[in-house]
Amino acid sequence: MSVKFSHILIFVFVIGLVMSAFAFLGSVAHPEVLLKGTWKEISWTYDRVDLPQSTDSTVDGFLEEQIKSEITKDLIIHKSETWTFDERANLFLTKEGNQNETLNWRLKGRGHILKLLHSDGVHEFYQIKELTDDKMVLHFENDMHARGIVRIEFEKLRD
Amino acid sequence: MLRKYSNTRSLSDNIKLGMLTAFTAGMVNVASLILFFSFTSNVTGHYAILAEEIAKGKWFQVVIVFLWIFLFFAGSFFSNYIIIHGSKKKAYLTHSIPLILEIVCLMIVGVYGQFFYKETLMETEILVALLLFSMGLQNGLTASISNFVVKTTHLTGLTTDLAVHLSMITMKKYREKQEIRDKIKLMVSIAGSYLTGGIIAGSITYLFQFTVFYYISIAMLFILLYDFSKTYVDISLYRRRKTKHQQSEMEA
Chain G
1 MSVKFSHILI
11 FVFVIGLVMS
21 AFAFLGSVAH
31 PEVLLKGTWK
41 EISWTYDRVD
51 LPQSTDSTVD
61 GFLEEQIKSE
71 ITKDLIIHKS
81 ETWTFDERAN
91 LFLTKEGNQN
101 ETLNWRLKGR
111 GHILKLLHSD
121 GVHEFYQIKE
131 LTDDKMVLHF
141 ENDMHARGIV
151 RIEFEKLRD
Chain X
1001 MLRKYSNTRS
1011 LSDNIKLGML
1021 TAFTAGMVNV
1031 ASLILFFSFT
1041 SNVTGHYAIL
1051 AEEIAKGKWF
1061 QVVIVFLWIF
1071 LFFAGSFFSN
1081 YIIIHGSKKK
1091 AYLTHSIPLI
1101 LEIVCLMIVG
1111 VYGQFFYKET
1121 LMETEILVAL
1131 LLFSMGLQNG
1141 LTASISNFVV
1151 KTTHLTGLTT
1161 DLAVHLSMIT
1171 MKKYREKQEI
1181 RDKIKLMVSI
1191 AGSYLTGGII
1201 AGSITYLFQF
1211 TVFYYISIAM
1221 LFILLYDFSK
1231 TYVDISLYRR
1241 RKTKHQQSEM
1251 EA
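Top line first, the protein sequences correspond to chains G and X.
Quick note on this note's numbering: the first sequence kicks off at 1 and runs consecutively.
Quick note on this note's numbering: the second sequence kicks off at 1001 and runs consecutively.
Hints are computed from structural coordinates only; laboratory data are not their basis.
Do not take every clue at face value.
As the list claims (entries may be wrong) - No more than 30 Å apart at the CA atoms, straight line, and that leaves these computed lysine-lysine pairs for DSBU-like:
hint	chain 1	residue 1	chain 2	residue 2
1	X	LYS1090	G	LYS4
2	X	LYS1118	G	LYS156
3	G	LYS40	X	LYS1056
4	X	LYS1118	G	LYS40
5	X	LYS1090	X	LYS1183
6	G	LYS115	X	LYS1056
7	X	LYS1056	G	LYS135
8	G	LYS129	X	LYS1056
9	X	LYS1118	G	LYS135
Please construct the entire structure, taking both the sequences and the accompanying hints into account.
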């Protein structure tokens, strides 16, 4: 096999791989498409943080409170809510049938960060741990990247 | 900085190139993390994310991250391709092409982000891809022209090398070697510049948003213009002096 031919073969293989990737993207569900619809919150868990090892329970308690307050300082509590994402990037929060608030939503990164913008300028960030046709699990996102601080699980409501 | 190739480069050339490009790489990486929630010069991290997403079966994210890594690869490939196939006599021009392309990519991201960005996921993915391509171009250029001595977005390798070299200087026979001391100076300069660029971007991106990419482009333009002045201004001055010298010899 000549060198030139093998170069062409490698080039065609690489281009083919990239084109296949694009074609595959077209066939899998896009996160923005999966997100659209109405989701009902089914569980809201405040998980314990990973604490440094200490034999002093006073120190442990102090650290836990410090860490909790640092992690949750930007957290807005969403409980027993229904979230409706529409195609115009609006998010309607409903509680017990009453529409509480309208926010804007955006997906960031590789589709793994959900950004919510309140009308008063407040931003919320959630890490999308799981997103399928029926289930969505969000973790509250902050700069500390702590594991599972607030875990919100939703199920999709069918029309 | 740009025109000298491989073995003709001095420590000073490498430090200048390394510091300026690492500074811009640090700025781009932090700016993209703040604006897009994605690193654009942390390919090691992207490989880890790719593995994680494969394990979780998140195929959309798998393809996106794979394409991002591919674009970084494509940038580096393209950079070196231009350099090795370009004219050796016009080294400055050949070496400038990847930098010019990088500036174009950064300006596209800056302009689009400032005027047209609707924050859809597809826009984010394309802009991140463009930034990864630009970082690949830069890393490929600096690695290629410095004979792999300077790599400004590869901090994992740099930190490893720095640790190895610092451990070497605990032995007298290595401590006395000028090339090891020079290498340490270069690596510390690059790491410090990257960090400085990152800190500055972290401070100004919240305020300036996408216009931060204009400032990064200006920094890159500075690299081009500095080398332009050293290449063409120096050559024209040299020719004038040579002509004068020849004339005075003839008169004598």
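Going straight from one Cα to the other, do LYS1090 of chain X and LYS1183 of chain X come out at no more than 30 Å?
28 Å, holds
With a cut-off of 30 Å on the C-alpha distance, tell me whether LYS129 of chain G and LYS1056 of chain X pass.
Judged against 30 Å, a Cα distance of about 10 Å means the pair holds.
Pairwise hint evaluation, LYS40 of chain G against LYS1118 of chain X, where the allowed Cα distance is 30 Å at most
Status holds; Cα separation ~27 Å.
Is it true that the CA of LYS1118 of chain X sits at most 30 Å from the CA of LYS135 of chain G?
Holds, at roughly 27 Å.
Would the hint linking LYS1118 of chain X and LYS156 of chain G be met if the CA-CA limit is 30 Å?
26 Å, holds
Is the Cα-Cα distance between LYS1056 of chain X and LYS135 of chain G 30 Å or less?
15 Å, holds
Agreement of LYS115 of chain G and LYS1056 of chain X with the hint, judged by alpha carbon distance not exceeding 30 Å
22 Å, holds
Are LYS1090 of chain X and LYS4 of chain G close enough, with their CA atoms no more than 30 Å apart?
27 Å, holds
Would you check the hint for LYS40 of chain G and LYS1056 of chain X, treating anything up to 30 Å between C-alpha atoms as holding?
24 Å, holds
Hint compliance for this structure: every hint is met.
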